[in-house]
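The chain contents come next:
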Amino acid sequence: MFKKTHPLQSKSEIILRNIVVAAMVIFFSVFLIIPIGIAFAGSFHEWNPLSGTYNFLGLENYKDVFTSGLFGKSMLNTLIFSVVVIIFRVGLGLGIAYAIYSTLIKYKSFFRAVYYMPVVTPMVAVAFVWKFMYNPQIGTINQIFGLDVNWLMNPKTALIAVMLMTIWKDFGYAVVMYMAGLYSLPADALEAAKVDGANAWQTFRYITLPLLKPMTLFVVINSIIAYIQAYVQILIMTEGGPGTATYLASYIIYDEAFVKYNFGYASALSFVLFVITAVFSWLSFRVSGTEE
Amino acid sequence: MKKKMLAAMMAAVLAVTGLAGCGGSTEKKEAEEKTEAKADVPKEPFGDTIKYDLTVEINDGKDISIELWEWGSDDLFQQVIDGYTAIHPNVSIKLVNNPWEDYWTKLPLALDGEKGPAIFNIHNSYHENLINYLAPLDIPLEDLQADFTGVDAHVIDGNVYYIDYGMMTGSVYYNKKMWEEAGLTDEDIPKTWDEMREVAKKLTIKDGDKLIQAGLNFNDDFHQNYLLGLNYQLGENLFQEDGKTPNVNSDAMKQVMQMLVDMYETDGVGSKDFGEKGSDSFGQGQSAMVIQWGHFYNTLNTTWSDIDFGVFEIPTFDGEPYAYNRYNGESTFGVNKNAPADQQAVAQDFVKYFLANDDAQVAFNLAMSTFPAKKSLADNEKILENPSLKVLSEHIDHYIWPGPMPSTVETSLKKAGQDIFFNGVDIETALDEAQENIIKDMKNSSFESVENLYAYAK
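Residue numbers (the working numbering), protein chains in the order written: chain A, 65 to 356; chain B, 842 to 1299.
It is worth saying that the hints were derived from the structure and are not from the lab.
A virtual CB, placed ideally from N, CA and C, is assigned to each residue, including glycine.
Fair warning: there could be bad hints in the mix.
[As the list claims (entries may be wrong)] Among the chain A residues that face chain B by a calculated CB cut under 8 Å, a handful are: (1) Glu-77; (2) Met-217; (3) Tyr-325.
[Unchecked claim] Here are the computed lysine-lysine pairs in the BS3-like style, where the Cα-Cα straight-line distance is at most 30 Å: (4) A:Lys-195 - B:Lys-1051; (5) A:Lys-170 - A:Lys-195; (6) A:Lys-127 - B:Lys-1085; (7) B:Lys-947 - B:Lys-884; (8) A:Lys-324 - B:Lys-956; (9) A:Lys-137 - B:Lys-1032; (10) B:Lys-1118 - B:Lys-1051; (11) A:Lys-220 - B:Lys-1047; (12) B:Lys-1051 - B:Lys-1017; (13) A:Lys-137 - B:Lys-1095; (14) B:Lys-1281 - A:Lys-324; (15) B:Lys-1193 - B:Lys-884; (16) A:Lys-324 - B:Lys-1178; (17) A:Lys-324 - B:Lys-1095; (18) B:Lys-1051 - A:Lys-220; (19) A:Lys-324 - B:Lys-947; (20) A:Lys-137 - B:Lys-1118; (21) A:Lys-324 - B:Lys-1284; (22) B:Lys-1085 - A:Lys-324; (23) B:Lys-1047 - A:Lys-137; (24) A:Lys-220 - B:Lys-1118; (25) B:Lys-1281 - A:Lys-127; (26) A:Lys-127 - B:Lys-1284; (27) B:Lys-1032 - A:Lys-324; (28) A:Lys-75 - A:Lys-172; (29) A:Lys-220 - B:Lys-1017; (30) B:Lys-1281 - A:Lys-220; (31) B:Lys-1032 - B:Lys-1118; (32) A:Lys-137 - B:Lys-1284; (33) B:Lys-1118 - A:Lys-195; (34) B:Lys-1047 - A:Lys-195.
Using the sequences and the accompanying hints, generate a full structural model.
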């Protein structure tokens, strides 16, 4: 009874469609497309919107990006940071979600809420609290473990310390995502495995995990995008230090744009990062075989 | 005359306090307060060379409203506004406070349009972002030079857009209790860095290898309070003769950096891991001495009021330095060149009132713990009651301002210091890298050092 011969039949439907589409086009144009265009144009200029400086430089900003030792170092840090945090986020998220999903666990909603709580806490607040916990003199981490480590100012531990905080804050997101994925698994597939005599591990390895592949891809892609943009925890906990030991790619963009007011160079960095993010996302699709 | 001015300001403050206390006070009360303030308005011109003439009508006596933007210290600004509007009741000045974090993005964008504030507070570290929006001060250069020190450093193509009302620099703050417990007296106040290191050793307490009390702590501020200042004691400027090329890998800088490393690693008077910030560690009663700039005096009195502290002038290497230290100026207000002409005229007059008004100058300098740039206030009693200013009074002419340096100078030296202390990089390599970074970051900067304008410049 709801089948229509044409997608839109009435005049009011067409008007509504036009209004909705126009609103979306205006919204994305004003808040996304135009700013991106302005930033792209700015990346070819010496640009400080606060002083009104806007001088054409050609490709000089891009040349500086690719010859900058600090950018290379920060990209390596970003790669290490992203890979480690994503592995733990996915691993912990999947493991804990599977544990909560188990019929042996009661109070599922409680656990789901507890693990999700750090995710909804602002990064700024979490970073400040963890910075305090890492304090070499009065921090709880040294006191609990009886250590004497200057976590955030030791080049060997600083990035690890920031990664640890980020994993703690973010893995709850993967827990909730995987739980949603687990509850939507087709019951007949699991039933069939049981009938065929598959044990718990075999069911997980050959049925559950492959069926969760789209969710894993979703979490990984989202994580790549989020962690390539990570800078708040660096800004609050280490300011890129000691020296430049914990510089991440997005932190350089922040530093260049909002500390040095070098918006042209920051825009060039942003576009390079945009391309890198796109390439990694595409690669993830390729690797998972779900390019379409 | 000064008493009259003080009375006018006090009346204005009382008026503000009274209004604040009453909350929704009646119109009658407001009228009474205003009348009271008007009654104490000075009758004669005041000021030194820059005179403020009270008889000159503003905006032909017609009502006019302007905005004044600042980032803090509302009461302080309101005092000056109230003093001014008591003289000119047809002028209304709305004080707009934007937090520091937002101020420096909001202000230039507002100044770029037609509805920006006519007058605004300036910090010279944002000079390059603001200079294009500033109108030159409508006060003869020679009058400014006659009344204030450091004016020449602010002259751009014959114009002055703002000057310093006060000069801030570093001094040594010491914990008196720790000082006494170490058996030290006023006689032990060090004059040289060698003496300073010996005193710091006496103030250091250890339990085996574990540091319990640091004799001197410069964590997180070594770049601002040591590297960017002690080079002058050794006769080296921060910038080379062209005024643009940094000089941060100079022999003097290396010597200063080496001294800092030796104080921690050889003398053991502190540690890179003992407290994230030296200032906090001092405030928390864990470190006996720190070198901090003037604002620390107020911080101690407000945040760490239980610390009994003293202040002495920064030591020197040989007692006869080229300059004792670097200073930075607290700037006077800026006038928005894009504001309507009638608003600019009020803003110009307000700046003149501020510069001529000794009480406002003293109030601002005490609030910021800056040494007055106004020459006539160098031995002002109230100023010299502040120990952090008194210690500067003898040699204040031997402090040097390099100009409104881009932030990269500080941040690059901070990274260099962290590389040396935490990442095991040698001093020469770290300072060479800082030099390269600063050159790269400043390649498009219009900054030019004004070290050549220092009274004792070589």
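We went through each hint and held it up to the structure:
1. Glu-77: 43 Å, violated
2. Met-217: With a minimum Cβ separation of about 5 Å from chain B (threshold 8 Å), the hint on Met-217 (chain A) holds.
3. Tyr-325: Since the shortest Cβ distance to chain B is 6 Å, the answer is holds.
4. A:Lys-195 - B:Lys-1051: The given pair, whose Cα atoms are some 23 Å apart, holds under the 30 Å limit.
5. A:Lys-170 - A:Lys-195: 34 Å, violated
6. A:Lys-127 - B:Lys-1085: 24 Å, holds
7. B:Lys-947 - B:Lys-884: Since the Cα atoms of Lys-947 (chain B) and Lys-884 (chain B) sit roughly 39 Å apart, the hinted pair is violated (cutoff 30 Å).
8. A:Lys-324 - B:Lys-956: 26 Å, holds
9. A:Lys-137 - B:Lys-1032: The given pair, whose Cα atoms are some 44 Å apart, is violated under the 30 Å limit.
10. B:Lys-1118 - B:Lys-1051: 18 Å, holds
11. A:Lys-220 - B:Lys-1047: 27 Å, holds
12. B:Lys-1051 - B:Lys-1017: Holds - the C-alpha atoms of Lys-1017 (chain B) and Lys-1051 (chain B) are around 23 Å apart, at most 30 Å.
13. A:Lys-137 - B:Lys-1095: The given pair, whose Cα atoms are some 26 Å apart, holds under the 30 Å limit.
14. B:Lys-1281 - A:Lys-324: 12 Å, holds
15. B:Lys-1193 - B:Lys-884: Holds: Lys-1193 (chain B) and Lys-884 (chain B) sit about 17 Å apart, inside 30 Å.
16. A:Lys-324 - B:Lys-1178: Given that 30 Å is the threshold and the Cα spacing comes to 25 Å, the pair holds.
17. A:Lys-324 - B:Lys-1095: 26 Å, holds
18. B:Lys-1051 - A:Lys-220: 22 Å, holds
19. A:Lys-324 - B:Lys-947: Judged against 30 Å, a Cα distance of about 16 Å means the pair holds.
20. A:Lys-137 - B:Lys-1118: Holds - the C-alpha atoms of Lys-1118 (chain B) and Lys-137 (chain A) are around 27 Å apart, at most 30 Å.
21. A:Lys-324 - B:Lys-1284: Distance ~12 Å between Lys-324 (chain A) and Lys-1284 (chain B) Cα, so the pair holds.
22. B:Lys-1085 - A:Lys-324: Holds: Lys-1085 (chain B) and Lys-324 (chain A) sit about 17 Å apart, inside 30 Å.
23. B:Lys-1047 - A:Lys-137: With Cα atoms ~39 Å apart, Lys-1047 (chain B) and Lys-137 (chain A) exceed 30 Å; violated.
24. A:Lys-220 - B:Lys-1118: 21 Å, holds
25. B:Lys-1281 - A:Lys-127: Distance of about 13 Å is within 30 Å: holds.
26. A:Lys-127 - B:Lys-1284: The hint holds at about 15 Å.
27. B:Lys-1032 - A:Lys-324: 38 Å, violated
28. A:Lys-75 - A:Lys-172: Distance ~49 Å between Lys-75 (chain A) and Lys-172 (chain A) Cα, so the pair is violated.
29. A:Lys-220 - B:Lys-1017: 38 Å, violated
30. B:Lys-1281 - A:Lys-220: 28 Å, holds
31. B:Lys-1032 - B:Lys-1118: This hinted pair holds, its Cα atoms lying about 25 Å apart.
32. A:Lys-137 - B:Lys-1284: Roughly 22 Å between the alpha carbons, so the hint for Lys-137 (chain A) and Lys-1284 (chain B) holds.
33. B:Lys-1118 - A:Lys-195: 13 Å, holds
34. B:Lys-1047 - A:Lys-195: Measuring from Cα to Cα gives roughly 26 Å; hence the hint holds.
Of the hints listed earlier, those the structure fails to meet are numbers 1, 5, 7, 9, 23, 27, 28 and 29, in rising order.
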